[in-house]
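Residue numbers (the working numbering), protein chains in the order written: chain A, 1 to 418; chain B, 10001 to 11148.
Keep in mind that the hints were calculated from the coordinates and are not lab data. Be aware that one or more of the hints could be misleading.
Said to hold, decoys possible - Only pairs whose alpha carbons sit at most 16 Å apart, straight line, appear in this in silico EDC-like list of lysine to aspartate or glutamate: (1) B/K10434 - A/D41; (2) A/K21 - B/D10433; (3) B/K10353 - A/D230; (4) A/K21 - B/D10183; (5) A/K316 - B/D10433; (6) A/K316 - B/E10915; (7) B/K10353 - A/D229; (8) B/K10389 - A/D192; (9) A/K337 - B/D10433; (10) B/K10497 - B/D10470; (11) B/K11052 - B/E11120; (12) A/K38 - B/E10192; (13) B/K10226 - B/D10183; (14) B/K10076 - A/D229; (15) B/K10430 - A/D41; (16) A/K413 - B/D10397; (17) B/K10539 - B/D10494; (18) B/K10321 - A/D333; (19) A/K398 - B/E10915.
Stated by the list, open to error - Have a look at the derived ranges for each label pair, beta carbon to beta carbon: (20) B/P10218 - A/K298: 53 to 63 Å; (21) B/D10222 - A/K63: 45 to 55 Å; (22) A/K388 - B/N10460: 26 to 36 Å.
Yeah, the Cβ is synthetic: ideal placement off N, Cα and C, and Gly gets one too.
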Amino acid sequence: MIHSLFLINHSGDIFLEKHWKSVISRSVCDYFFEAREKAVDPENVPPVLQTPHHYLISIYRGKLFFLSVIQTEVAPLFVIEFLHRVADTIQDYFGECSEGIIKDNIVTVYELLEEMLDNGFPLATESNVLKEMIRPPTILRSVVNTLTGSSNVGDTLPTGQLSNVPWRRAGVKYTNNEAYFDVIEEIDAILDKSGTTVFAEIQGVIEACVRLTGMPDLTLSFMNPRLLDDVSFHPCVRFKRWESERVLSFIPPDGNFTLMNYHVSSQNLVAIPVYVKQSISFFETGPCGRLDITIGPKQTMGKTVENMMVTIHMPKAVLNANLTATQGTYTYDLTTKVLVWDIGKLNPQKLPNLRGSLSTQVGVPKPEDNPSLNIDLKIQQLAISGLKVSRLDMYGEKYKPFKGVKYLTKAGKFQVRT
Amino acid sequence: MSCATSDLEVQEEEEEEGGGGDHEERAHLEEGGGGGGSFQTQPLRHDDLKEMLDSNKDSLKLEAMKRIVAMIARGKNASDLFPAVVKNVACKNIEVKKLVYVYLVRYAEEQQDLALLSISTFQRGLKDPNQLIRASALRVLSSIRVTIIVPIMMLAIKEAASDMSPYVRKTAAHAIPKLYSLDPEQKDQLIEVIEKLLADKTTLVAGSVVMAFEEVCPERIDLIHKNYRKLCNLLIDVEEWGQVVIINMLTRYARTQFLNPNINESLLEEGSGGDKTFYGSDEDEDEDEEEKEKNAEAPAMAKRKPYVMDPDHRLLLRNTKPLLQSRNAAVVMAVAQLYFHLAPKAEVGVIAKALVRLLRSHSEVQYVVLQNVATMTIKRRGMFEPYLKSFYIRSTDPTQIKVLKLEVLTNLANETNISTILREFQTYIKSMDKDFVAATIQAIGRCATNIGEVRDTCLNGLVQLLSNRDELVVAESVVVIKKLLQMQPEKHSDIIKHMAKLTDNIQVPMARASILWLIGEYCEHVPKIAPDVLRKMAKSFTNEEDIVKLQIINLAAKLYLTNSKQTKLLTQYVLNLAKYDQNYDIRDRARFIRQLIVPTEKSGALSKYAKKLFLALKPAPVLESPFKDRDHFQLGSLSHLLNAKAGGYQELPDWPEAAPDPSVRNVEVKDSVFTLLERVTTLTSVPEWTKCSSREKRKEKKVEKPFYSDSEGESGPTESADSESDSASGSESGSGSEESGSGSESVESEEGSESEEEEEDEEEKNKKKKKKELKKPVQESESEQSSEEEERKPERKSKQRKSDSESESDEEESESESSQSESEDSESEAEIKKKKKAAESKPPTKPVKKENKKEKKEMSLLDLDDFEPAPSPQVTPVNTFLSNSLVTDLEGLSLSDTVLSPATIAPSSALKNYELLHRITGEGLSVEYCFSRQPFSPDANMVAVQMQFTNNATSDTKNLHMEDVKLQSGMRVKEFPEIELLPAGETAAAVMGIDFCDSTQAANFQLCTHTKKFFVSIQPPVGELMRPIFLTENEFKKEQGQLMGMNEITEKLTLDAKCRNEHAIVQRVTTAANLSRVPCGSDKECSPPVPPPDHPIHRFAGRTVTSSSLVLVTVATKEEGAAQLTVNCEKMLIGTMLVKDILLALTQ
C-alpha cells in the first residue's frame, strides 16, 4: 500500500521521510516538483501523479505537502484520507501542523508514523489509541523529561488497540466530568448579481469535547431530527439506533472529536442572514473604476451578525483602491490583489457601506470580469437550520456530568457574484 | 566547551551528508561534549553517540537513540551505528527498545549479518505471555527484510495465526504480505495461513487478512466462499481501513458469483447499443457459432425466468449501505463503487447523496470524487440530476476542481435543465481563470452537440465570444464553433464570413488553423471571401506556425479545385513557398498536393479524384466526454483515476451468464459450533449494540443465540479481545483449557466488567440472584423460576437435535414463548410449555407469530439471517455461575441512570433495579431492590420487594437487618430475615413485603449492620401496586361498563415511532404496570387466525394489591400512530397516576 512518505515544505525541501517498506530514494520527488512548477498554485498540483515506476499521491495541508509513494493499485482516496489523518493527528498532538512544529518534534512524529502504518497498511489511526502509546507533549511533561531523561513513549501497553471501542482509551479519570457539544452550521451559498439565491445549503457539524470518567454511554437526541438530510458519523456512533430512532447513541472517545457531519436538505429554504447591495464598475475612459457595497441584515432570527468580513479578489488590472468605509477597516493587498473589508458587528440601524474609486492600470483595457464577493460572518447561539439538541443522557456511569450545547452559524463558501 | 561543541556539530552535519568519513581526527576535541549538548537538537558525532549507547545509563541511551532516529527521519545516513544500536535490542527500558526497533527496521536490510544478532530477542518475545509483546515482536521480526530468516518468519507467522489473542492474529495477517514480498516462493504456505485466518471470526483480524489476501492471492476467490457471509456481517464493525479493502474485494467477488441485477434492462437497452457487461466486452463478429447461440439463448432464458436476486447478493448490498454514513471518504467511495457495479439500477441512487457530501471535504478528496462522479454521470445521469446545483462552481475552487465540476455539469445537461446550465456557464465565461474559461467554452460546445434544441443558442453565444477581448477565449470559441458548424454548415455562412474577418486579429495558431480549415471546407458558401483570405495568408505565410501553414496549403488546394480561375496563381505561389519551408512535413505536403491537383501529362490516376479526395463530405465530429467508457475500471481505483492499468490492478470481472452454485457459501454446522463459542463472548461486547427495548429480545439473545450464528458480527465484534487486555499475562499464560467452554466463561465475566453492557449485566445479575435464591429455600415463590431454569436445559438439548429445517420454527416458537410468558406472567412455565406444544401441533397459529417475529426483526439487535438458519447446539449457559468479584464489579455499573429512559429497561422483567443504598454512602455496602412481581406469600396484600446486598468493603458485614420502620398510616412491612454474615466481596439476596395501601408513599426504614445504620426508603411506582388478573374480553367490557364517569380517564396520544406495533405496545404497558393482557377475541386462540384488524385495541387488566380494586387499561390505536388510552379504576388517584406513567411509556 503506502510505501513511503515525504514531507515537503513550501520551498520544496524534504524535511522528513519515512519508509515502511524498503527505502525509496527521495529523487522520486523530482517528478512531483516538476508538476508543482507547472501548477503555479500549490492547490492545483494534481493529487495523483504517475511516474515510470511509482505513483505519487499528495495532499496539501498547512503549507506542507504530504507526499506518499505508491507502487501498486490502491484506492486513491484511501491514501488521501490517511494522509489527512496523519495531518490531523499531528495537529491533535502539537496544536498545529506546521513545518516548525514537526521539526521540533521530529522523533515523536516519526514514532507516530511508525505506529500508524504497518507495512504500509494503517494500523492505529485512532488518536486515543496513539496517545496511549506515544504521549503527546505537554509543558509539564517536557520539564519532567528534561529532568529525568525519560521521553514520550508510553510505558503502558496500548490496550486500546485490543478493545472493541478502539477510539476510547482505557482508564479515563476526571475530577470534573463534562461533555460539551458545539453545533456549528455553515451556509454555503451563491447569490447572483441581483441578490437572488442561485444555490444555498447548510452544512453542519457537531464538534464534541467530552471529558468523562470511565466508560460513559451517551445518547444525544434532537428536537427535530427530520431536518437532517444526510449525515456522516464518527465510528463510535451506532448506525442502527440512528436508523431506527434518530438519536445519536455512542461511547465517546476521550477529548475532542467530530461527532457528526450533516447536511440540511436543500429542499428547505435556507435563510440567508445578510443581503449585499453592490456595484463594481470600471469606466471605459480613464484608468478608474467605482465600487459601492452596502450590507444589511436579512434573516438573522433576531441575533446579531458578528465578524462580518468581505473579501474580493480584484482583477489583475486594479492597481489601487481609494475607499471609505462607514464601519470597519479595509485593506488592499497590492500584490495578491485582494481587498478585505473587515466590518465586525452588523448594526441594523446603521448599515455599513464601503465606497470609493479603484485605479486601474493605464493603457490596459478595462477588466471585463467582475470579481465576486466572498462573505464571512458569524452568528452566535443560533443554528440557522433550526436544529436543536433536546437532551443528552448518560448511561453506564453514576456521576452527573456537566453538559453544555453551543450553537454557532458561520458563512461557509458564501459567494456573491457581480 | 559547549560553544565549541555546537560549532563542531555544524561541521559534523555537513560531513554526514558527505557520507561519514574521518571522525577519529577530531574526536579528541569533543571529549565530554556528549553530555553537555544532550538537549540540543543537532546530532552529535557518531562516536559520541556510540559512547552514549554503550553507557549503562538508560537516559543517555535514550538520548542517543532519539538523535539517531531524528537523523533517520531527516533522511541522513546512520547505518554505521548499527553495531552499537543492535546491542541495545534487549534493553529493559521500553522507550529505548522501541527506538531500537525503529532503527532496526530501517537498517536491517543493509546490515543483514548484524541484524541476525537481534533475532533471538524477538524469538523470545514471540513466546511472551503478554499478547502485546508477542505482537510487537512479530511485527518487528517480520519487518526485518533479511532473506535468511524467512523460515523463522514463516514459523512465527504460522504460530501467531493460531494464537489465542486476536491482536496477535491480526499482526500475523499483517506479516503475511511482508514475507511474501521478501520471498514469493512461500506463496503456497502463506495461502494456507490466509485461509486459516479468513475463517477468523473477529473484526480485528478481518480487515488485515483480506488485505493480505489481496496482496498475496487475489485470484483465489474460492477462499472467500465460506467466509462471504461472515465478512458481510462483520463489515460494519471492522475498522475503517479494513472496510475499504473488504468492500473492494467483495465487489470483485460478487461480480463472479451473482447475476447481473440489471439483466432485464440491459436486454431492453440492447437494441440501442446495449449494455456490454452482459455479453462480455470485446466479442467480435467472427466468434464461434456456438458462442452466438449461447448468447441468443441467454436473453431468452432471462425472459422465461424473471431475475431473482441471490440473497447473498442482497446481504452484501444491505450490509454495506449504512457505511455510506462513514466519516471516512474512502469507505464512502468504496460503498459507492460497490453499488455502482453491483446494485440494481433503481437502488444505485442512494449513493449520490453521500458522494455529494464528500464534495465538502478537502480538495484532494473532491478531485478524486469528482473524477468518479464524472464517470458515473455518463452511465447513470439521473442519479445526480437532483444535485445539479452542488456542482456549481465557485471562483475560489482550484482550477482542476472547476474543470471536473464542469465535466459533471456537462454530463448532466439535458433538455430540461440546459437553460439553467447555460446561464451558469455564462457567468463562468467571465471568470478570471482563463484555463477554466477555455474549458467552459468546450463544455458549451459539447452541450450544443448533445442537445439539438440549444445548438443555435449556443452557437450564437459562442459567436458573441468571438468579439471578446481575450484572445484565448476567442481562439477556444473558434475551435468549438468549427466543430459545431460542421454539423450544419449551410445555415451559417454569415458566421463563416464573420470568422474570416477574424484572421486579421486572432494570433492563436490553433484558432487560425481552424478558421482556415472552415473556409476551405465551405468555400462554396463564401465564394467571394475565400480567395481573399488566401491572398492574405499567402502574404504572411512565412511567419505562420506550422499547423497554420498546413491549413493554408489545404485551403489553397481546395480553392484551386473549386475556383481555379481566381486562385491558380495564388496556389502556385503558396506551394512554392511551402516547397522551401524549413519543416519537411510542410515540404512533403506541398509536393504531394502539387502532384495531386495540378494536372500534368505525367500525373497519375489519382488527380482525377482530387476533388473527391479533398472535398468529400466529412462526418461531423462527436464531442465526447473524456470519461466515457472509463467504467470498465473499477471505480474508485487508482487505475480508474489514471485511466490506465496500474500495477497489481485486479480486473473487475464481467457478470457470469449463469450464476455459480450458491451453496458454496453455506457454512457447515461444525463451523457454527465454533462460532458459537466465540459468540458467547462476542455478544457481550459493546460496539454495535443498541439498547434492547424489550425483555423479549434479551431473552431471545440468551436463549436463541445459537440460531444466528452468522449474524453475530452485528452485535459484537471482538471476540475475547478486551478481556485479554485486562488479564493479558494472567489468563493467557494459563493452560490451554481456557480455550474450551469454561475458558470462554471466564473471558466473558471479565468482559462484562469492562465493556459495561448494561443489559447484559443486568441479566447476569438476575441470574445471579436466581442462583442465590435457589440456595436459600426461604423464598418458596422463587422455586418457579428455578424450575424454569432447569426445564430449559432439556429443552435446549432437544433443540440441538432438531434438524435444519426445523430450527427456524424453533426460533419462532421460543420467541413467542418468551413473549407470552412476558405478557401473561402469572401463567406458570408448565402452561407455557403446554402452549408451545399446542403451537407446534397447530400450524395455523404460526403466521401470527411469524409476523411477530418480523416486527421484532426491525429492531432486533442481531440482524437475523433469514435465509440461513444454521442450527447449532447450545452451549452450557455460562452466565449462571459468576464469580463474586464480578458481581462487585457489576455493582459499580449499576443502573441508577436508567430511570431516565424506560426504553432501555427490559419490560416485564419487572426487575428494574433501583438503588437503595449506594456503595459510597453505604461505606462499602450497596443495596439494590426491584419489584419482583411475584406474589408475596406471607401476606397477599403485600408487594414483594426483592433486595440484593453486596458487600464491597474489605471487611465482613454482620447482622444485616432493618429497624425503625416509619410508615404512613395503614402501611405495613414484613421485614426480610436478618442476614447473619455477609463476607467481603459477597452478595446476598432477600425478599421483603410492603403493603403500600395502594398509595405511592415511600416506606422509610433503617438498614442496620453490626456497626452502622443507614436511612433508606422505598417508593413504588404506581404500576407496581397492582397484580395482574385474567379476564376475557367480554368480562373486561362488562367490568369497564361499570367503571364509567369519574372512574374513567381518557387521554389522546401519539405513539412513539418505535412503538407502533402490537408487540411494542404490549411490552411497554406491561413494563409500566404489572398488568396482564386481555386476549382480544377470546376465540382466537383455538381457531385459525383472523387477519389482525388494522387498528387493534389492546386491553390490560389487574387489581390493586391492597384493596383489590380493578384496574382496566385500554389502548386503542388509530391511524398514524395516534392512539387513545383509557384507564378505568375505582381509585381515581391510582388511575390518574397510571395514565401518566403509561403515557410516558408509550410516547417515549
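Each hint, compared with the structure:
1. B/K10434 - A/D41: holds (14 Å)
2. A/K21 - B/D10433: With a Cα-Cα distance of about 42 Å, the restraint between A/K21 and B/D10433 is violated, given a limit of 16 Å.
3. B/K10353 - A/D230: Between B/K10353 and A/D230 the Cα gap is close to 7 Å, so the pair holds against 16 Å.
4. A/K21 - B/D10183: holds (14 Å)
5. A/K316 - B/D10433: holds (11 Å)
6. A/K316 - B/E10915: violated (74 Å)
7. B/K10353 - A/D229: Cα-Cα ~9 Å, so holds.
8. B/K10389 - A/D192: Answer holds: B/K10389 to A/D192 is near 14 Å, not above 16 Å.
9. A/K337 - B/D10433: holds (14 Å)
10. B/K10497 - B/D10470: Cα-Cα ~21 Å, so violated.
11. B/K11052 - B/E11120: Cα-Cα ~13 Å, so holds.
12. A/K38 - B/E10192: violated (49 Å)
13. B/K10226 - B/D10183: Distance ~28 Å between B/K10226 and B/D10183 Cα, so the pair is violated.
14. B/K10076 - A/D229: Answer violated: B/K10076 to A/D229 is near 52 Å, above 16 Å.
15. B/K10430 - A/D41: With Cα atoms ~20 Å apart, B/K10430 and A/D41 exceed 16 Å; violated.
16. A/K413 - B/D10397: At roughly 10 Å apart (the allowed maximum being 16 Å), B/D10397 and A/K413 satisfy the hint.
17. B/K10539 - B/D10494: Outside the cut-off at roughly 25 Å; violated.
18. B/K10321 - A/D333: Distance of about 49 Å is beyond 16 Å: violated.
19. A/K398 - B/E10915: The given pair, whose Cα atoms are some 11 Å apart, holds under the 16 Å limit.
20. B/P10218 - A/K298: 53 to 63 Å: Holds: the Cβ-Cβ distance is about 57 Å, inside 53 to 63 Å.
21. B/D10222 - A/K63: 45 to 55 Å: Since the Cβ atoms of B/D10222 and A/K63 sit about 50 Å apart, the hinted range of 45 to 55 Å holds.
22. A/K388 - B/N10460: 26 to 36 Å: violated (52 Å)
When held up to the earlier numbered hints, the structure conflicts with 2, 6, 10, 12, 13, 14, 15, 17, 18 and 22 and fits the remainder.
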